[in-house]
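S.K.: Residue numbers (the working numbering), protein chains in the order written: chain R, 18 to 119; chain E, 17 to 509; chain W, 232 to 879.
Computed list of lysine-lysine pairs in BS3-like fashion (alpha-carbon distance at most 25 Å, straight line):
| id | chain 1 | residue 1 | chain 2 | residue 2 |
| --- | --- | --- | --- | --- |
| 1 | E | Lys462 | E | Lys376 |
| 2 | E | Lys459 | E | Lys376 |
| 3 | W | Lys397 | E | Lys394 |
| 4 | E | Lys453 | W | Lys397 |
| 5 | E | Lys131 | E | Lys53 |
| 6 | E | Lys390 | W | Lys397 |
| 7 | E | Lys462 | W | Lys397 |
Per label pair, the in silico range of CB-to-CB distance:
| id | chain 1 | residue 1 | chain 2 | residue 2 | range |
| --- | --- | --- | --- | --- | --- |
| 8 | E | Ser438 | W | Val851 | 50 to 60 Å |
| 9 | W | Tyr861 | E | Asp50 | 38 to 48 Å |
| 10 | E | Leu60 | R | Ala101 | 28 to 38 Å |
| 11 | E | Gln80 | R | Ile94 | 55 to 65 Å |
| 12 | R | Arg104 | W | Leu863 | 15 to 25 Å |
| 13 | E | Gln80 | W | Trp302 | 15 to 25 Å |
| 14 | R | Leu106 | E | Pro202 | 37 to 47 Å |
Derived from the structure by calculation, the hints contain no laboratory data. Computed from a prediction, not measured in an experiment: that's the story for all the values here. Heads up, the beta-carbon is just placed ideally off N, CA and C, and yes, glycines get one too.
So the chains spell out like this:
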Amino acid sequence: MNSLSVYLTIAAVLFSLGLFGVLMRRNLIGMLISIELMLNGANLNFMAFNRFLAPEPAVGQIVALFVMGIAAAEAAIGLSIILALFRRLRSINVERAQRMRG
Amino acid sequence: MLMTAMEFAQFPILSAILFSTLLALLVILFIPDDRPKLVKQVSLGFAALGLALSLYVYFAFDPQKGGLQFVERVLWVKSLGIYYFLAADGINVPMILLTAVVLFTGVLTMWELEKRVKEYFALTYLLVAGVYGVFMSMDLFFIFVWYDVSLFPMYPLIAIWGSTRKEYGAMKLTLYLLAGSALILPGILYLWAVAGGTTFDLFELQRLGFDVQVQRIAFVMLYLGFGILAGVWPFHTWSPVGHVAAPTAVSMIHAGVLMKLGAYGILRVGMTLCPEGLVYWSDLMALLATIGIVYGAFVGLAQTDLKYVIGYSSVSHMGIVGLGLATMTVDGINGAVFQMFSHGIMTALFFSAVGYIYDKTHTKMIPELGGLSKTMPKASAFFILAAFCGIGVPCMSSFWAELLVFISAVKTYPVRGILAVSGLVVSALFMLRVVQKTFYGDKNPKWEHIPDVPLFLASPRIILVGILIFFGLFPRLILDIIQSAVVPFVNSL
Amino acid sequence: MMWLAHDPVLTAAFACATLPFLSMAVILIFTRPYQRLSCAISVGAITVCLGSALYLLITLRHAPAPVEYQWAWIISSDMVIPFGFLLDRLSLLMLTIVAVISFLVQVYSIGYMHGDPGFSRYYAFQSLFAWAMMTMVIAPGMLQLYIFWELVGLASYLLIGYYYEKWSASQAGKKAFVMTRLGDIGFFLGIITVLLGFGDLGILHMNHAAQAGDIHPAVVTLGALLIFCGVVGKSAQFPLLTWLPDAMEGPTPVSALLHSATMVAAGVYLMSRIFPFFAASPDAMAVALVIGTITMLLASTMAFVTYDIKQVWAYSTVSQLGFMVMSLAAGGYFAGVFHLTTHAGFKALLFLCSGIFIHEYHTNDMREIGRGGGRKLTIPMICMTVGALALAGIFPFSGFFSKEAILGVLAAHPNKLFLAAGLLGALMTAYYSFRLIFFILFPRETAEPAHHHEEAHGGHGHGDDHGGGHHGHVFWAMAWPVMILATVTLVLGFFQNELQSYLLGLEPAAHGHEAAEHGGHGLGHYLLLVTAVSLAVGGVFFAYLEFGWKKATQEGFLRKFPAVENLFANRWYMDHFYRKALDLCVYCGFTNIFTRNDRRVIDGGIDGICRFTVGGGRAVSFLQSGMLQYNLVLMVAAVGVLVLVFAL
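Here chain R stands alone, though its shape is the one from the complex (with noise of 0.2 Å):
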């Protein structure tokens, strides 16, 4: 069971999740934690072909690591811009944000 399949499935499983999460959600810090799920599941994808296919370079960790420091400025910004839309709305609800309607 030690193989390659395992881990892209659990990734798979991480990252549509994640995406339903961000999908369904209404709550913005849902959407957050779920935008960071996707990373995730996009992360294990990374270490596992690194360690599978190519682990001399371990450019995958590399960029793992990229992507956690990604995720880190991400969720700041994010949660700025949550904290920015609470004050205007009072709410955090993602459909009271209608402001771009056509």
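Fit chains E and W to the given chain R structure using the hints.
M.R.: Coordinates of chains E and W only, in the frame set by chain R:
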């Protein structure tokens, strides 16, 4: 022109000018909002620094030696052949000086600004950084990047601090200029791809040379793209609207420097890389330029807004630049570059003078003004001097430029040249008409309380007038520099 | 500046070409609030220039060849535009005239402009005028001449529109500038023609080459005709003559300067400057002759009907300029320049005298001045009569000699029509100038002059305090220049021979044409002389009959022909024609069409495209619900579809 990947002959003065501008932007951003005075002082300090550095470039540039001087060339992206390549030659030294002068006087002109001071000056510096970048870069990629950097701040600058239909003006200007960039980018990429996709270096590309057919296609794209910014007829209507809407110093930079970017781009990129294309399209260029000269003057005659009048005079004067470029002779291009410089200073003076009047009277409609010479003789004198320069009165610098352009234009395109020369009568008529209606006539009781301009606020105009007259009396001080680049340029055509 | 010290001639020329400019700059920048100082600077500068000019005239009197100094002002490809000085007999004579008249006018202005709020500005512009004119006169090349020619135009614009708060004054300045600019376009194109056809713009080179036939005749003719356009504009020849009478809006000393030694004289000077070049083209000469004749006659008729004292002299200037152009065009180089010289003297005299009257009575109307007691101002009255006698061409005043010289030239011309026109002109000149003199000398209704005087004084803002006695320093500052000029007018004519040998001693170029002019004092010559003088006297007598004599109606014979009188008074409807043409072509024509095109076609098209884009956006905007997650769903679906398409 073989150069190693890295070459610093001396202190990188051009980079210093460019990055001092960006540094100014950063510093201004870190000043607290509630200290507008400090923002202005810092802005003035950096503008003075830039002015000093560009004066150094102007004096240190050796016209006898000619060619590229102060070269800084670093490989930036190897796979695409992008170089960080700054250099000064006879064509861009006057432009750098012009930018520095207009920035400095522009900062002084906006000394009384009260609304969102910090953002205003930050955006101005971003704009000017873009302008410097275009003037100094000798790499197509960077020319394009800096070009777009200089376009972007125009929108907020006009939309926030402007007047008279500012949203419309800002939007129109932005759309026009972006349409221009949309032509320039494929033009540049086309040339780059045809040359093998290995280098963006202007002179490398020039050495590689292009097929006649390629040159014709690329030239017209570059000509129209840059031409929109240069106010080439019939793509000129953004410019009067934009000038009118923009706040004073932005109009100064915009008409004084930004429009020159267009003409400079045609000369630097289009004409350098596509001489055959130039030969093919020069007839059209001369025609459009001549129409612009005459047309601008006539339309200016009908305007009732002071800034519209100046805007259309810019169209007319930029037509002279276009006509000079289209002649493909040394005299014509000398005149065109000289005209870019003196028109820049002249319009800056125009807008600066109008700015003071508008600040005090809150109107720039000619019928509402009148008799201003009685109440504020000094403030009026600056506008009148600018108008004389616009008419082409001798011993002011634009006279020489026009003289050279017209001589070579009559030589190359007799009919169009004569038409363009006749445009001088119309331009005299419309300038004098504005001067008469705005400044002459009896004292207007409405404006009697307005104080004449104090010395400090007049200082930017004094500097600009001084430059106009100085180079009008001693034109060789700038023409020899221009010539050092134009002669080899024309010989290589 | 070492080179300056070693060559006194150069130093003197340099002083003439820089000092007035410096004085203008200093006045405008530093000393504007200090009126006396500004005035002193300007007068000081012009005095030094006068000294320099006289020095140059005396030292270079016998110089065998013209002295030339040149520096490159601009170098562009193979074209070099030099700045320099060409000191030959003609330019030195003209330089001296300009310096003398400018000096006298500036001194006169101390009195005339006394107390004016713009006193400093006035002197700054005077300096500018003097600078431009003097540097133009000693220009060695056509381009330098053109440059300073334009500056003369600028200075005249500023001075004519000096009272800028008056609408008519600023209008007149604008008109002068634009109309002369119209001629200058021709001048400029003429210079380019010569440049392209010959390649050298040095005045001496052009003259020599044209004479030697080194330039293609077509180039000479075209160049000469185009350059003559400039003369037409500047010297107010037909059809661009209407700006000059309007230019009377400026202060009177300015009119004196404008009409005698600067501005309008520039045109005639230009023509004599490149006289050999003109002479090489018979066609151009013929055109110039016809234009000069038309101008002379037209302008004289206009002077018949106006009551404005300055207007009369203005029309007479136009007509005398026409006379000079006729002379030059008929080949009379010396006669033309001689008349330019004498005319400068007596026309300045006439204007300055009129200025004293205007200053005293605050009106330009000759009838008012007469009624106010104009003849009691003895000095200006006598001087003005001297000037009018010279203008009419009565012996022994200077105008007599120069007019005789010109008539002599015209007599030698094969077409006697021009001689007849010249004689007719002499008759008309005598008539209208003495019409004016008699109006002032013999006023009809003697309204209480003292009272009138008082009232006028109170009503005007001149603010000078010369009170009851007119003989304060204000008056004398005006009187002295007038008396000097009157003396010059009396004496100058007797120096005809000296002037002629001075001018022609060096100009073999022009000498050939002088043969006819100074051929012999035969019977024909005396006949002509007698005819001319008797015509002039007849004109004066006719004027006396109509205006001077006790029983005269002071109406003029033209009153019987109202249509003709109207025609003359309206300047042959030339101004109406220009106004109409301007309105029709410029304002309603091109301007209107172009502006509409800008608004409707170009902007309309652009705005249309924008509206279309915005409308299109509106049309599909219903897809945009504003819900973030719908967009995300859409995106994911799209990615899914793409994956399916590309993966399978």
